[in-house]
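Chemist: Next come the chains, spelled out residue by residue.
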Amino acid sequence: MSVSDISNIAKAAETDINSSADFAGLEFIRVKYLGRQGIVAGLFTDMRNLSQEERPGFGKKLNELKNSLTSLIKEKQASFKKASVIDNAFDPTLPGVAADTGSLHILTQTIEEICEIFAKMGFSVIEGPEVETEYNNFTGLNIPLEHPSRDAFDTFYLKGKNGQQKSDGKLLLRSHTSPVQVRLMKSVKPPVAAVVPGKVYRPDATDASHSFMFHQVEGFLVDENIRFSDLKGVLDLFLHNLFGGEVKTRFRPHFFPFTEPSAEVDVSCIICKGKGCSTCGRKGWLEILGSGMIHPNVFKHVGYDPKKCTGFAFGMGVERIAMLKYGISDIRMFFENDLRFLKQF
Amino acid sequence: MKVTYSWLKDYVEIKLAPEKLADLLTMAGLEVTSLEKIEDDWVFEIEITSNRPDWLSVIGVAREIAALTKAKFHHARGKDYFGKFKTKDLVIKITDKESCSQYRGTIIEGVKIGPAPSWMQKRLKAIGLRPVNNIVDITNYCLYETGQPLHAFDLDKLDSPVEVTVRRAKDKEVIVTLDGIQRELNKDILVIADNNKAIAVAGIIGGAGTEVDCDTKNILLEAAEFDAVRVRRGTKILGLSTDSSYRFERNIDPCGVDNATLRAIELIQDFAGGNIILSSFEKVKERKKEVSIELCVGDVERILGLKINQTNIKQILSALGFKINKTKQGVLIVVPASSRKDVTCKEDLIEEIARIYGYGNIPSTIPYILPRIIDAQDLRYLKGQNLNSALVKIVRKKLGALGYSEVINYSLISEEALEKNNNKRIDVDILRTTNPLSKEQEVLRTDLYGGLFTNVAYNLNRKNNQIKIFELGKVFKQDNSGYSESFSLGFAACGRMHHDWQRPDTSSITFFDLKGSIEAMLSALGIDDFKFATRASALAPYAVAFDILVGQRIIGTIGEVAGDILDNYSIKEKQVFLAEISADELARYFQPSKKFMPYSAYPSIKRDISLLIADSLEYENIVRVISSLGKAIISNITLLEQYTGKHVPQGFKNLLVSLEYGSCTRTLKDREVDIVHNDILRELTEKLEVKIR
Chain A
1 MSVSDISNIA KAAETDINSS ADFAGLEFIR VKYLGRQGIV AGLFTDMRNL SQEERPGFGK
61 KLNELKNSLT SLIKEKQASF KKASVIDNAF DPTLPGVAAD TGSLHILTQT IEEICEIFAK
121 MGFSVIEGPE VETEYNNFTG LNIPLEHPSR DAFDTFYLKG KNGQQKSDGK LLLRSHTSPV
181 QVRLMKSVKP PVAAVVPGKV YRPDATDASH SFMFHQVEGF LVDENIRFSD LKGVLDLFLH
241 NLFGGEVKTR FRPHFFPFTE PSAEVDVSCI ICKGKGCSTC GRKGWLEILG SGMIHPNVFK
301 HVGYDPKKCT GFAFGMGVER IAMLKYGISD IRMFFENDLR FLKQF
Chain B
1 MKVTYSWLKD YVEIKLAPEK LADLLTMAGL EVTSLEKIED DWVFEIEITS NRPDWLSVIG
61 VAREIAALTK AKFHHARGKD YFGKFKTKDL VIKITDKESC SQYRGTIIEG VKIGPAPSWM
121 QKRLKAIGLR PVNNIVDITN YCLYETGQPL HAFDLDKLDS PVEVTVRRAK DKEVIVTLDG
181 IQRELNKDIL VIADNNKAIA VAGIIGGAGT EVDCDTKNIL LEAAEFDAVR VRRGTKILGL
241 STDSSYRFER NIDPCGVDNA TLRAIELIQD FAGGNIILSS FEKVKERKKE VSIELCVGDV
301 ERILGLKINQ TNIKQILSAL GFKINKTKQG VLIVVPASSR KDVTCKEDLI EEIARIYGYG
361 NIPSTIPYIL PRIIDAQDLR YLKGQNLNSA LVKIVRKKLG ALGYSEVINY SLISEEALEK
421 NNNKRIDVDI LRTTNPLSKE QEVLRTDLYG GLFTNVAYNL NRKNNQIKIF ELGKVFKQDN
481 SGYSESFSLG FAACGRMHHD WQRPDTSSIT FFDLKGSIEA MLSALGIDDF KFATRASALA
541 PYAVAFDILV GQRIIGTIGE VAGDILDNYS IKEKQVFLAE ISADELARYF QPSKKFMPYS
601 AYPSIKRDIS LLIADSLEYE NIVRVISSLG KAIISNITLL EQYTGKHVPQ GFKNLLVSLE
661 YGSCTRTLKD REVDIVHNDI LRELTEKLEV KIR
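Each protein sequence line maps, in turn, to chains A and B. Reading the first sequence from the start, the letters are residues 1 to 345 in our numbering. Reading the second sequence from the start, the letters are residues 1 to 693 in our numbering.
Calculated from the structure, these hints are not laboratory results. Certain hints may be false.
Below, a list of computed lysine-lysine pairs in the DSS-like style, where the Cα atoms sit at most 27 Å apart [unchecked claim]: (1) A:Lys300 x B:Lys383; (2) B:Lys307 x A:Lys120; (3) B:Lys594 x A:Lys170; (4) A:Lys248 x B:Lys307; (5) B:Lys393 x A:Lys343.
FRET-style restraints, in silico, Cβ to Cβ [unchecked claim]: (6) A:Gln77 x B:Ser658: 27 to 37 Å; (7) A:Ser209 x B:Ser658: 52 to 62 Å; (8) A:Tyr157 x B:Leu539: 43 to 53 Å; (9) B:Asp215 x A:Ala208: 32 to 42 Å; (10) A:Gln109 x B:Lys15: 42 to 52 Å; (11) A:Asn67 x B:Val648: 53 to 63 Å; (12) A:Val31 x B:Tyr602: 42 to 52 Å; (13) A:Phe341 x B:Lys307: 45 to 55 Å; (14) B:Asp679 x A:Asp338: 17 to 27 Å; (15) B:Glu416 x A:Gln109: 41 to 51 Å; (16) A:Asp338 x B:Glu294: 51 to 61 Å; (17) A:Lys343 x B:Lys307: 49 to 59 Å.
These numbers come from a predicted model, not from an experiment. C-beta: ideal position from N, C-alpha, C; glycine also.
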């Protein structure tokens with residue numbers, strides 16, 4: 001046994017490594033030379049038979065051999081890894097496998113998006129009942145029972161059981177989310193800032209743009225010194241967050257019984273950028289929000305002092321916003337629940 | 001409401017081009033929805049909000065333009081003919097004094113019926129009216145010009161001696177109206193009558209029997225103020241809305257009665273000739289005292305966030321026809337125009353100021369919002385209306401990750417659909433609508449099933465073969481103590497499991513897929529103490545159903561849908577799995593604060609056991625034995641396989657269960673695992689009569 005034996009073994013090992021064809025073959029060679037009972041380990045054992053003088057030089061060579069074989073094997077392993085991707089049979093353009101995931105309804109996502117923007121500004125998210133009293137849906141909101149302003153709020157009335165008619169009026173399905181304003185303001189003292197998402201109902205024949213059930217998000221802010229300019233500022237901020245910073249907004253006088261002054265809020269058409277198209281009816285503007293300063297009569301109904309507090313309220317249709325944002329042309333699609341629709345979002 | 005450019009110019013000087021004028025009006029709250037050129041004139045179609053009956057007239061819109069453009073508004077009252085006549089010669093009786101506060105009847109004799117002048121016809125046509133004859137056209141023209149509805153009767157068709165009564169109709173009283181329809185009236189409807197018959201439905205439509213026609217010689221011209229609510233009820237009962245009722249419902253200008261009569265007389269004399277014989281006026285009550293509103297100039301800034309000086313404010317209000325009675329330092333006493341019954345408080349005045357000043361000229365500011373989190377669970381008037389928002393978020397996120405798609409179905413459904421879900425008539429416990437427009441809007445859903453079945457059927461029909469859906473929404477019930485609405489969480493699953501080209505084997509979705517998803521969701525909510533237990537009896541719409549319990553409390557149901565229900569929805573798929581869980585109950589057991597569970601850093605030891613068990617033995621019993629004996633060192637029990645068939649006797653099944661032994665503090669020794677494992681095997685064999693294979 002000598003140092004020359006070591007170099008012979010090194011040559012043989014090199015040949016073996018180079019000629020190995022795959023991981024398994026290489027592993028066989030690794031075990032043959034470097035395994036616990038392999039050739040190199042055998043040489044270390046044989047060192048016992050050498051003289052004291054010979055041992056250090058031989059040991060050093062042996063260690064060099066071990067190191068060089070280890071790195072050669074690693075290199076060879078690495079080359080196999082590369083090769084597997086460059087394998088001729090491998091076609092990377094075959095489709096990737098998608099996981100089986102579900103989806104949240106686009107209306108849920110839109111409501112979340114809207115509410116989150118307001119939540120960042122400090123609004124709480126509150127919900128209320130869908131079965132309401134005539135008082136909360138109309139009277140408490142300064143909507144007289146026999147007035148044409150009610151024509152905008154066609155409403156489903158409900159048959160209560162005998163003797164179940166409440167003192168605050170007949171039962172109905174809320175025709176807007178505003179009754180929650182009444183309930184929340186009666187529950188807490190100002191300051192109060194909240195957004196209210198939810199379902200609303202109106203007797204309407206169903207077609208591409210009408211549904212007897214749809215969703216609204218209502219919001220309001222009441223404090224000692226809230227002004228119309230604050231309404232403009234908050235809604236500007238909201239609309240720019242929802243539709244992007246480049247949209248323009250405009251505020252037009254309008255009439256809602258529960259706000260005074262009232263404003264309709266338009267954004268420049270997100271489809272044609274304000275040039276005029278079929279979506280915006282060639283006007284360049286899209287109606288998005290109703291809003292206004294809360295009417296003092298509403299404050300009186302909920303027990304707030306209109307001399308001390310002021311506030312604004314606003315409301316929007318969720319389906320309309322989703323239709324505009326995602327280019328959905330038929331409101332019925334939201335409720336058909338076709339998985340091809342649901343899974344797109 | 002339509003007006004024409006030239007007609008407006010009769011009353012206000014307009015320097016703006018029609019397009020610019022349309023923009024100006026839109027931005028002032030009179031939304032111009034279309035602008036159309038007809039011959040040499042322009043027609044504006046304006047959407048008028050229900051609070052502004054004054055804008056339902058050329059004069060009202062002209063006044064607005066004058067205020068907006070600071071132009072002169074010229075509105076002269078016609079020549080006053082009334083002074084010349086005795087007013088008592090025509091008897092006018094108002095028996096329902098609540099419903100009619102003033103009535104003026106004017107008799108004009110010897111009119112010549114013919115076509116109205118062409119300029120008038122042109123304007124009427126432009127706004128969508130069909131010219132009839134000079135008298136009828138003049139009343140229509142005046143209505144559109146002044147906002148005051150007028151009506152002309154053929155005097156000779158009234159019973160003489162002529163006496164006009166404003167009264168309630170009798171029940172079942174009948175009148176043929178101008179549109180040729182015979183209408184049955186009732187006591188809620190106000191009519192105009194002669195000595196023995198109704199001759200018009202007050203404020204809504206005239207009667208055919210007293211219509212002005214080509215032979216008419218003498219006319220009775222009516223201008224009156226009818227009560228808004230009374231007219232509105234009439235329109236609802238008759239299902240008929242007219243230009244006239246549309247204005248009365250919204251409250252007309254009390255001064256309009258005389259103004260419009262004078263304008264009409266003037267036009268009739270010019271274009272139909274005739275002599276005014278008399279004009280009789282009957283007024284029921286004194287007009288309400290003028291409303292006067294105190295406006296602090298400072299309040300304008302307080303509400304708008306913009307300082308507008310007192311001179312500006314006065315200018316705007318005067319231009320709108322408001323009187324400013326007194327001006328103290330910083331305080332205005334304002335009397336709105338008679339046509340502006342909608343203005344009752346200072347906020348109304350502030351809106352007028354803001355409108356004319358321009359909403360666009362008010363700055364945008366960001367308010368300070370006091371940081372405050374309202375605890376939605378703790379609101380007196382919203383009790384039980386707010387599900388914990390963290391719960392909702394976890395449920396939705398988890399189910400999405402588990403492959404479930406969220407659906408939203410109508411909460412209003414047909415009664416038929418409700419029956420379809422249960423296959424039997426339901427007669428209690430539902431809330432019904434009183435005024436559905438279609439069958440689909442009859443009742444409020446009592447559960448989420450119907451919607452889910454509809455979704456399953458719809459998707460299968462469209463070859464969406466893998467269906468895993470859920471809905472989180474309200475369901476409604478009522479009982480003797482009242483109605484309730486509660487949050488419910490529904491699931492439906494059927495069809496093929498997920499598969500792809502890498503794993504092309506297809507298998508069907510099973511009961512255990514749905515069960516596993518619900519378990520994963522419950523775990524995500526920190527609810528661990530749940531179990532699924534057999535129900536005593538099956539429950540529609542299930543063929544087999546199991547209770548989902550937390551502790552002892554039932555929170556929901558899971559099972560397989562009965563075949564007859566699937567037939568009702570024409571669902572061909574044989575197995576559809578369904579579950580409904582009360583979301584309110586989930587909220588009760590929801591553990592929002594999770595604790596980290598340490599896991600072992602030491603290697604574990606796995607032991608598989610193969611068990612032959614009788615079908616009557618529930619797996620849960622096996623788990624109970626294993627976990628109670630192995631409590632200290634068992635970290636996992638996994639069912640690897642269930643096998644029946646060859647080598648398994650009838651009434652038995654073979655289970656392969658893997659037990660994982662481990663400790664958080666040390667490496668377990670084979671010997672101690674053996675001791676526990678043998679105990680478990682013995683106990684299973686002896687207590688549960690299980691055969692270890």
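Chemist: All the hints need checking, so say for each whether the structure fits it.
Modeler: Hint check results:
1. A:Lys300 x B:Lys383: At roughly 22 Å apart (the allowed maximum being 27 Å), B:Lys383 and A:Lys300 satisfy the hint.
2. B:Lys307 x A:Lys120: violated, 30 Å
3. B:Lys594 x A:Lys170: violated, 45 Å
4. A:Lys248 x B:Lys307: holds, 25 Å
5. B:Lys393 x A:Lys343: Distance of about 19 Å is within 27 Å: holds.
6. A:Gln77 x B:Ser658: 27 to 37 Å: About 34 Å separates the Cβ atoms of A:Gln77 and B:Ser658, which means 27 to 37 Å holds.
7. A:Ser209 x B:Ser658: 52 to 62 Å: holds, 58 Å
8. A:Tyr157 x B:Leu539: 43 to 53 Å: violated, 32 Å
9. B:Asp215 x A:Ala208: 32 to 42 Å: About 51 Å separates the Cβ atoms of B:Asp215 and A:Ala208, which means 32 to 42 Å is violated.
10. A:Gln109 x B:Lys15: 42 to 52 Å: holds, 50 Å
11. A:Asn67 x B:Val648: 53 to 63 Å: holds, 58 Å
12. A:Val31 x B:Tyr602: 42 to 52 Å: violated, 29 Å
13. A:Phe341 x B:Lys307: 45 to 55 Å: holds, 52 Å
14. B:Asp679 x A:Asp338: 17 to 27 Å: About 56 Å separates the Cβ atoms of B:Asp679 and A:Asp338, which means 17 to 27 Å is violated.
15. B:Glu416 x A:Gln109: 41 to 51 Å: violated, 32 Å
16. A:Asp338 x B:Glu294: 51 to 61 Å: At roughly 60 Å between Cβ atoms, B:Glu294 and A:Asp338 fall inside 51 to 61 Å, so the hint holds.
17. A:Lys343 x B:Lys307: 49 to 59 Å: Between A:Lys343 and B:Lys307, where Cβ atoms are some 55 Å apart, the hint holds.
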